[in-house]
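J.: Sequence lines, in order, name chains A and B. Taking my numbering, the leading residue of the first sequence gets 683, the next gets one more, and so forth. Taking my numbering, the leading residue of the second sequence gets 4, the next gets one more, and so forth.
It is worth saying that the hints were derived from the structure and are not from the lab. Certain hints may be false.
[Said to hold, decoys possible] Dumping the calculated EDC-like pairs for lysine to aspartate or glutamate here, alpha-carbon to alpha-carbon at most 20 Å:
| no. | chain 1 | residue 1 | chain 2 | residue 2 |
| --- | --- | --- | --- | --- |
| 1 | A | LYS880 | A | ASP861 |
| 2 | B | LYS301 | B | ASP29 |
| 3 | B | LYS137 | A | ASP737 |
| 4 | A | LYS790 | B | ASP328 |
| 5 | B | LYS312 | B | ASP302 |
| 6 | B | LYS141 | A | ASP703 |
| 7 | A | LYS790 | B | GLU83 |
| 8 | A | LYS841 | B | ASP328 |
| 9 | A | LYS790 | B | GLU96 |
| 10 | A | LYS961 | A | ASP924 |
| 11 | A | LYS1003 | A | ASP885 |
| 12 | A | LYS934 | A | ASP924 |
| 13 | A | LYS790 | B | ASP64 |
| 14 | B | LYS187 | B | GLU256 |
| 15 | A | LYS961 | A | ASP885 |
| 16 | A | LYS1003 | A | GLU908 |
| 17 | B | LYS265 | B | ASP252 |
| 18 | A | LYS790 | B | GLU319 |
| 19 | A | LYS790 | B | ASP63 |
| 20 | A | LYS961 | A | ASP930 |
| 21 | A | LYS934 | A | ASP967 |
| 22 | A | LYS790 | B | GLU320 |
| 23 | B | LYS137 | A | ASP703 |
| 24 | B | LYS141 | B | ASP64 |
| 25 | A | LYS900 | A | ASP885 |
| 26 | A | LYS790 | B | ASP322 |
| 27 | A | LYS900 | A | GLU995 |
| 28 | B | LYS141 | B | GLU233 |
[Claimed, not checked] Quick list of simulated restraints, FRET-style, between CB atoms:
| no. | chain 1 | residue 1 | chain 2 | residue 2 | range |
| --- | --- | --- | --- | --- | --- |
| 29 | A | VAL879 | B | ARG228 | 52 to 62 Å |
| 30 | B | LEU168 | A | GLN810 | 22 to 32 Å |
| 31 | A | GLN810 | B | GLY251 | 33 to 43 Å |
| 32 | A | ALA697 | B | ALA38 | 51 to 61 Å |
Values in this document were obtained by computation on a predicted structure and should not be read as measured data. C-beta: ideal position from N, C-alpha, C; glycine also.
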Amino acid sequence: MREITLSQAVNEALAEEMRRDPTVFILGEDVAEAGTPFKVLSGLVEEFGTTRVIDTPISEPGFVGMAVGAAMTGARPVVDLMFGDFIYLVMDQLCNQAAKQHYMSGGKLTVPMVLRTNLGATRRSAAQHSQSLQALVAHIPGLKVALPSSAYEAKGLMKTAIRDNNPVVIFEDKLMYQDKAPVPEEEYLIPFGVANVKREGRDITLIATSSMVQVAEKAAVILAQEGIEAEVIDPRTIVPLDEKTLLDSVRKTSRAIVIDEGHQSYGVTAEIASRLNEKAFYHLDAPVLRMGAMDVPVPFSPALEDLTVPTPEAVAENARKLCSGELIHAA
Amino acid sequence: MAKPKTNTEDYLRMYRQMVRIRTFEDNANQLYLSAKMPGLTHMYSGEEAVAVGICEALTDDDRITSTHRGHGHCVAKGAEFKAMFCELLGKAEGYCRGKGGSMHIADQSHGNLGANAIVGGSMGIATGSALRAKLQGKDDVTVCFFGDGATAQGLWYEVMNMAALWNLPVIYACENNGYSEYTKTEEIAAGSIMARAEAFGIESHQVDGQDVLAVNELTQKLVARARKGEGPFFMELMTYRYHGHHVGDINREYYRSKDEEKDWKENRDPIIRFRAFLVSEGIASEEEIEAMNAEIEKDAAEAVAYAEKAPYPPAEEVDMHVYAD
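The following block holds chain B by itself, in its conformation from the complex (with noise of 0.2 Å):
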């Protein structure tokens, strides 16, 4: 683990982030076996470390945007558990209402501008809050989360060269889970995927993303940083997703094998990593993680029977929304 530079509070916060995080997926991955969830959903277990590390880096001004797997960044940017499984039953007290759903979640309020369900859909708007920012005289910061597969998309180049030209404060950070979809990223990706940012003059680093406080600390920095005008930058977070590309891809073994999953849930698990650095530094004992761990699993299941009960919205909405007046 990289070296402690924050106080016991901060470190229990993040660890209770990743362990909500964690839990809303497994929940979620249950309500979609038990045919409870309309459509499907993209499972973000695996990847904690990734999301709560930069987003304990952010405030509320700073603002993020999501992808498709971005349950793990909505939790870590303060969303509540209530309207989140809302939205993915569809029920009108969900962050959108209901009209967004598991791909669509944005939480105006904690600076989530929405997951997108375009592959690097949000790059373009992520540079442009930045843009905004700096034209406005603004000192946050947009951080655009990404999965390696999207480095894929021509709108990243696009966009970085401008971001670059400009200083603009944006932290590309991509979530490197191994795997596009389907295929193995080496298959997709020809040569260095942080050579491509570097080529834009644009300073890049590649972390440990099952390190919660590696992620936290660097991110810190270049935010820091990004704030003085000295950005943009780029993060390649090394992670690793526990489910398919989707919570119906079960039998995945034609493109990955069960030994190499359980390498990384039993050896790499950024929870259970983080844990056992709480519990040798003294900071928790494993009773308080464990009445930690209950408490949270208890916020989940209420959530979900309360999101189960929820009314779905009326009729009269599917019309509204459209345009703002």
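Just chain A, with the same shape it has in the complex (with noise of 0.2 Å):
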């Protein structure tokens, strides 16, 4: 199969269905001849044009704003929201407005629209440019949130969001927009809900979103050197989230690592180690642990930032202790 990046990947999937459906059309900064920086829609405006792949001002909740007036009155609006960080910006936009027309309308009003933007740190671009705030939004019922762990759920989970009728927040790794994957020509659609077991084992499950996914695989590598096998699953969206294949896992090995970039404290692996918890207490050997980002801004200086995010050996230190029956009794 082919390979292709996660930046082409996704450039691919909203220009295949910007050809199949005259309403779909891309707001943001920069997105038209800059293509955004990251160069991810690079192509798009000249076979498109300015009135569907619209460059706008630097305001961003002016125009998540219009994506979600436009979104009720017909249209299925992409918004490029440049950094993650800003969804700081647009949260009365989005939590209050396309989060909650659906349910307020008793079911009237719709909001089909993607918000796609990214998350990641360790790029060296300091607080307001490194954050993984998934969690926010997950946390927001009528929001859909979807983090794509190469090209291949990139391209996948993208077509599948411009279709959905709810607005769905895809945060993309920034890291990874140069990684490539096998992604086939022909057309396919990752449905939403749907967990990706990338690895198969029978000591412990590792569940990782995102960028932690090729963390995680790093981590089993190691782990089978000494004879621990991981299984490694990609929940590849968290609402909804796939309960089931999770959990089926954790019956099996007994053991669970969650791992995902955002803060640790009142985050998404917290929220899925609490389910485990709930669902599948009896079948644990050990505390399902948790692995997020250290609650500290993120710092600028490589010395300091790199300390900030979970590793592969720090993803295999715990599960060798989860193993060995040491963090039973942890205090």
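Since each chain comes alone in its own frame, lean on the hints to assemble the complex.
T.: Here it is in structure tokens:
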């Protein structure tokens, strides 16, 4: 199979859906000729013109609000939010407006829009361009949240998101834009709420999202050399969440670590760990561990920044402790 | 009054719609005072000429976005009493199956994209609706209602900028009732509100919001031009709210005098003024007007009685409509 980058995969997904459905359009800062700072959208304006790939002023609440209105009246906007950190700027439009229209109207209004943005530290961009804020939006009923972990997922999830009749937030890992993965030439969609078992194993389950899937897979390789067989699962969407696949795995392995690049406290890892505890308690041989980003603003200095995110070595170390029983009576 | 430009049927419908709004609000206020309505609500009484003058210039394909003080917009855009009172009481037959309530009534069949409980929160939605119209080559126009208080929200300046850059068919209708919640507007607004829209190159008009014909005449002109791609436009409608910020805001002399309220109610009431015009022009007799008022009061009383008896939504609807299929 051919290999393309995550950036190309997103670009292909958008182009295919824009050819298929004339109501799909892109709105955001520097999306047209510039193709975004990450060049993910390069070439789209040449095919679809500036009426469907629309450059906006630097007014995030304004253009996200406009996307909500366009979606409520018959269009399918894909909003480009240049950095995930800017979600704070659009919280009212996303969480008070987009997320609630369908419910508040008793099912009469729908908001079929996609907000594509990114996550991920270690790009030396400091505290306001490095956050992974998926937990914030996953907390809000009415929003769906997709976290692609490779080019394959990025394309299939984007196409599903565009066809979904709800507001969907997609976080791409900004460090992964140039990473290649096999992506079929023919059309495919990845349904929401279906986790992907990336690697099978019997000793411990590593549930990882987005950027942390690679970390978990590397940890599994380290562990395999020591005779510990880790199962690696990528939920792919955290709302909706494929609980069954996660629970089936944990019932088999009896141990789990949940890894996500958002801050650990009150985060995605806490939610998933809690569900495993509630629903698979008697199958567990050890507490479910959370591994998120440190609860500090992301520091600039590489010497400090690299300390804030989970690494394969740290995941492997925790897995070792869980499998040896060392953490059963953790203080 | 502005000079008449349309036929008597239009006049009578405008009068009727204004009285329907006032009657709806009087009944809603009674429901609140008699503790039959959950929560609270914000009365539109006094501002009827704004909603009616504007919405009478629109078709069902034209969209509006409304505010927390939104019953007037909802009635003016074509909504029925029964489903509105059901919504106010949280009943299953309400416009939003009881999930929205007073501050979120939406009536998509008449182009009402919904009231919004965040002040200024619908400015993006209205402008996005207009962007959609332009992108899809449709000639519908969107009117964004908001109060003077909402002009303090940054969102407005962001979307006005884009609307002006892209000539979007949106009309920003600022209902300036003189008060931003419990504070005089002059204490929260520096300079002139119109000048803010004009700074974006948006053609702006100030109009007497108590004169339904003046409002309607101006709106008709602006809507026709917006359909041709000459938008956006801004209208500042000078009006007055008879009640407090919400129905529970009763002792309000610390921010507004009773004399001032009395003056607006007695000398500038939009319904009294238009009624006098209809009679003096021979469009309707006093008897015909009284009959119309009585019929509207009867309709409202029946709708209230119906809503009071109507069932609440069943428990299984609580997690329905979180996500669309």
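J.: If a hint holds in the structure, say so; if it does not, say that too.
T.: Here is how each hint holds up against the structure:
Our distance criterion of 20 Å between C-alpha atoms is met by LYS880 (chain A) and ASP861 (chain A), whose separation comes to about 17 Å. The hinted pair formed by LYS301 (chain B) and ASP29 (chain B) meets the criterion: a straight-line CA distance of about 13 Å does not exceed 20 Å. For a cut-off of 20 Å, the pair hint linking LYS137 (chain B) to ASP737 (chain A) stands: about 15 Å separates their Cα positions. For the suggested pair LYS790 (chain A) and ASP328 (chain B), the alpha carbons sit about 12 Å apart, so the restraint of at most 20 Å is met.
Taking the CA atoms of LYS312 (chain B) and ASP302 (chain B), the gap is about 16 Å. The hint holds against a cut of 20 Å. Taking the CA atoms of LYS141 (chain B) and ASP703 (chain A), the gap is near 17 Å; set against the 20 Å cutoff, the hint holds. Restraint check for LYS790 (chain A) and GLU83 (chain B): the C-alpha separation of about 16 Å stays at or below 20 Å, so the hint holds. Restraint check: the Cα-Cα separation between LYS841 (chain A) and ASP328 (chain B) comes to about 16 Å, which is no more than 20 Å; the hinted pair holds.
Taking the CA atoms of LYS790 (chain A) and GLU96 (chain B), the gap is near 13 Å; set against the 20 Å cutoff, the hint holds. For the hint pairing LYS961 (chain A) with ASP924 (chain A), the CA-to-CA distance comes to about 13 Å; that is within 20 Å, so the pair holds. Distance hint between LYS1003 (chain A) and ASP885 (chain A) is fulfilled; the C-alpha atoms sit about 12 Å from each other, no more than 20 Å. The hinted pair formed by LYS934 (chain A) and ASP924 (chain A) meets the criterion: a straight-line CA distance of about 16 Å does not exceed 20 Å.
With a CA separation close to 16 Å, the supplied pair LYS790 (chain A) and ASP64 (chain B) stays within the 20 Å bound. With a C-alpha separation of about 12 Å, the suggested pairing of LYS187 (chain B) with GLU256 (chain B) holds against the 20 Å cut-off. Between LYS961 (chain A) and ASP885 (chain A), the direct Cα distance comes to roughly 19 Å. Compliance with the 20 Å bound is thereby established for this hinted pair. As the CA atoms of LYS1003 (chain A) and GLU908 (chain A) are separated by approximately 13 Å, the hinted pair is consistent with the 20 Å bound.
Straight-line distance between C-alpha atoms of LYS265 (chain B) and ASP252 (chain B) comes to about 17 Å, which keeps the hinted pair within the 20 Å bound. Restraint check: the Cα-Cα separation between LYS790 (chain A) and GLU319 (chain B) comes to about 18 Å, which is no more than 20 Å; the hinted pair holds. At most 20 Å may separate the alpha-carbon atoms for a hinted pair to count; LYS790 (chain A) and ASP63 (chain B) meet this at roughly 16 Å. Using a Cα cut-off of 20 Å, the hinted pair LYS961 (chain A) and ASP930 (chain A) holds, with the two alpha carbons roughly 10 Å apart.
Distance hint between LYS934 (chain A) and ASP967 (chain A) is fulfilled; the C-alpha atoms sit about 11 Å from each other, no more than 20 Å. Pair hint LYS790 (chain A) plus GLU320 (chain B) holds up; C-alpha atoms about 14 Å apart against a cutoff of 20 Å. A C-alpha spacing of about 17 Å is found between LYS137 (chain B) and ASP703 (chain A), which places the hinted pair at or below 20 Å, so the restraint holds. Proximity of LYS141 (chain B) to ASP64 (chain B) is assessed by CA-CA distance (about 10 Å); at most 20 Å being required, the pair is judged to hold.
With a C-alpha separation of about 16 Å, the suggested pairing of LYS900 (chain A) with ASP885 (chain A) holds against the 20 Å cut-off. Of the pairs offered as hints, the one joining LYS790 (chain A) and ASP322 (chain B) holds, with about 15 Å between alpha carbons and a cut-off of 20 Å not exceeded. Taken as a hint, the LYS900 (chain A) and GLU995 (chain A) pair is honoured in the structure, with Cα atoms around 8 Å apart against an allowance of 20 Å. Restraint check: the Cα-Cα separation between LYS141 (chain B) and GLU233 (chain B) comes to about 14 Å, which is no more than 20 Å; the hinted pair holds.
Distance hint check: the CB atoms of VAL879 (chain A) and ARG228 (chain B) are about 60 Å apart, consistent with the given range 52 to 62 Å. As the Cβ distance of LEU168 (chain B) to GLN810 (chain A) is approximately 27 Å, the hint placing it in 22 to 32 Å holds. Checked against the hint of 33 to 43 Å, the pair GLN810 (chain A) and GLY251 (chain B) passes, with Cβ atoms roughly 41 Å apart. For the pair ALA697 (chain A) and ALA38 (chain B), the beta carbons lie near 58 Å from each other, so the given range of 51 to 61 Å is met.
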